[in-house]
Amino acid sequence: METTLEPTLSPQFSKLINRLNEVSDRKQMSVLHDHPWDLSPEGAWLKKRENLSIYGTEFYDLATEEERRLLSVYETGCWWHTFVIFENLVTEYYMKIINHESLAPFPAVIKYMHHFCREEITHALVFRKAMKHFSIAPFPVPDNLKDFYKDNAALADFPLKAVFLTIIIEWFAENNAMLDCNNDFVSPLARAVAVEHHKEEARHIEWGKSMIREFAERVPGFLEEAQEYTAPFMRNLLDMSTVNPETYARVGFSHPAFQDQERLFEAALFCENRDQINRRIMEPLLRFFVETTIYTPALHELWEAARFGPALEQVLARHNGRPDANDNLLDTPV
Amino acid sequence: METTLEPTLSPQFSKLINRLNEVSDRKQMSVLHDHPWDLSPEGAWLKKRENLSIYGTEFYDLATEEERRLLSVYETGCWWHTFVIFENLVTEYYMKIINHESLAPFPAVIKYMHHFCREEITHALVFRKAMKHFSIAPFPVPDNLKDFYKDNAALADFPLKAVFLTIIIEWFAENNAMLDCNNDFVSPLARAVAVEHHKEEARHIEWGKSMIREFAERVPGFLEEAQEYTAPFMRNLLDMSTVNPETYARVGFSHPAFQDQERLFEAALFCENRDQINRRIMEPLLRFFVETTIYTPALHELWEAARFGPALEQVLARHNGRPDANDNLLDTPV
Amino acid sequence: MATDISKPDTLLHSVDDVIASMPARFHPENCRDLVATYQWKLSQPDRTFHISIDKGTFRIHDGAHPDPSVSIESSEEVYLKLVNGQMKDVMAVVTGKLRVRGSISLAQKLNRIFI
Amino acid sequence: MATDISKPDTLLHSVDDVIASMPARFHPENCRDLVATYQWKLSQPDRTFHISIDKGTFRIHDGAHPDPSVSIESSEEVYLKLVNGQMKDVMAVVTGKLRVRGSISLAQKLNRIFI
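In the order they appear, the protein sequences are chains B, Z, G and L.
My numbering puts the first residue of the first sequence at 1, with every later residue one more than the last.
My numbering puts the first residue of the second sequence at 1001, with every later residue one more than the last.
My numbering puts the first residue of the third sequence at 2001, with every later residue one more than the last.
My numbering puts the first residue of the fourth sequence at 3001, with every later residue one more than the last.
To be clear, the hints were calculated from the coordinates, so they are not data collected in a lab.
In this text the structure is predicted, and so the values were computed from the model without any measurement.
Keep in mind that a hint or two might mislead.
If you want the footprint, here are the derived chain B segments under chain Z, 3+ residues with CB under 8 angstroms [unchecked claim]: (1) 28 to 37; (2) 91 to 101; (3) 274 to 286.
Heads up, the beta-carbon is just placed ideally off N, CA and C, and yes, glycines get one too.
With the rest of the complex left out, here is chain B:
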């Protein structure tokens, strides 16, 4: 799948790139000034209770209020740390793409990739700073999650899949983060972390979607591969970012029911509340997959096996062949 784009960009893509570059030129997130770092970490909630993994399960009632709060801290911290890991990986791969020089005929694209990487690194700095602020030690990122990305994104000299998988991860993570914090109950610092991240990340997502559309049209084999691995990849992402043994261990729930790890995980992964949240997170992505034919009815079975059947049918019922103008959760109130 090592290849280059033909040396032309569509006028729409050029226009998008120029607009993105202008905005990134104008304002760069400050590690120091853009978040209320003076707020106390004491007693803070970092995500709303309705989005705790155990909300809507019997385990929620078995947890103390302080355990729930701690869960909100560690589940968010774990997310932040996952962001850090992926932002570091994507920066390495993007720099590799720049250094490969296949994209040299497109200076505006290179420029945006530079902005992209610079912003990713700033985000990593901010997430790490936030973790330190709330005394959250680094998490061992689930091996599976990291493996999936590394094994599938880093293979080639010119890792197109890295662009694809990254945009998927970022978009998905972004939707998740925005949903988690849109509530007054949540620490204004945690919300600022999500919102400031979102401002730059929304551009990365727009860029990524456009790149994927270009790849799907121009790069032989790209679409066919994506049609096969996207569903299981998304399912892993969704499940592994919902529950994490380490997070539960750190909270140290006192009720003995939490000892039955399998029951706890199953409750969290399969409860109705999680299903609703997952649908909201996934809906814009599924719309995009349908639009780009990364989802194709011929392979519906794969999506079914990855438990996206009902959500997809909902999207397909609404989808009339036209892409949505605003298909990430930009308008989510925060």
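Position chains Z, G and L relative to chain B; hints supplied.
Showing chains Z, G and L alone in chain B's frame:
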């Protein structure tokens, strides 16, 4: 040479890292605001005439004034572009080091590496912007120069050599850039590019020197290898950054003497003026090599062969076993 | 993830049982164009084997392959639970009891090859 | 850079001449501990050969090595000029007429091996 540092940092190094992180946290170079981008590119000189490669040779007199000015534009542009290439490469390798996780026990080090990469990318953006401003098309970076770095820095999963070679390149390039522009004759924009770059780069150099000292002490084989390849590497760097066939071709000198490329190159590389400039650039580096025993008398022959003999003897005569407090050209007036 | 080998009619009590059951569960029509190597690296006790799929045929080999397309790692206990339908693969993955390396496309083809 | 093979007493007029001169110019005492492969990839006309150094011994082979320690690339004309001392290696490098890939440490050992 794949290895990790022992999980302790010297108090001096920790203190340095914390100070560097603080400064990098506080202020990040803006792509938009930190340079006088409104200045006209018309008729501008981008380096002082005394530092033109042909200054002090017969070819200087054979060139027209406009050709000299153009040479100042293209020689500086070529430098800027070389910076871009190396800054892109080092960022890929540094991110690779971060992702390798060997340095995970040192969060302050990781943090500074993040800052380092973020700043490198910003510099690349600024240099590319400056090239565009002065209508300088990208240069084909000499294959040899890029090869030396790639072949020697990128080998391992955890490329320590990348840290070493990078600091060498940056330090050297930095000295060069500062010398080139410290003159009122030079465009204030070109000077701002050098000076703003210098502010962040001086920190990178401090960091790099400390890292090299740590490596030399702790990483088996690191010092022995560096003792062998540093002299020829430096020589290549120096010569290839002084003259470039593409630069001369772009100026398009009218006098027929310029057709004899070999004579032109030889004149530029071996003239007295260049020797003086090279000595000034190299002096702080040579002092550092002596202090860290990267230069060792047992291998003096290698330095001799790389034509650093006289400069080294000068440094050795002055060097009394103590490192210089300020051994880059920080104090060069600009 | 679709890495488990699905639910046999009778419980399989050992890795040898599982391997012995494979020919009967193999579906060549689902790997007519496929050339790939799947490796299982089990622990407690250690046991590594790999299966080469070559356009509708398969061979089982003891030991490790130098460069498998997919490598599946778990304890023997978890592996047998997965094979016998006593544990969901998703649970094994999220709890870190099952680790899958390599191409996710190829990994998810596995449950159509051995049904 | 120290990649040229130094100045013989009589001019060498072909690559075969150079290769024939190598045994006489070989200094085993300068590569007693060295195991490395140096490759020359000449053009106009194309000619590739490589030399394996193995602890004080050397062998010349026609053709390319899959993974040479150092690879030296130039035209035949430039190569002969370098060998005959009619061109400085630094000039060949800065003008892009000589390209050296691989370990710079090993590259610079070469002029002590064949003097």
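The hints, checked one at a time:
no.	hint	in the structure
1	28 to 37	holds (count 4)
2	91 to 101	holds (count 6)
3	274 to 286	violated (count 0)
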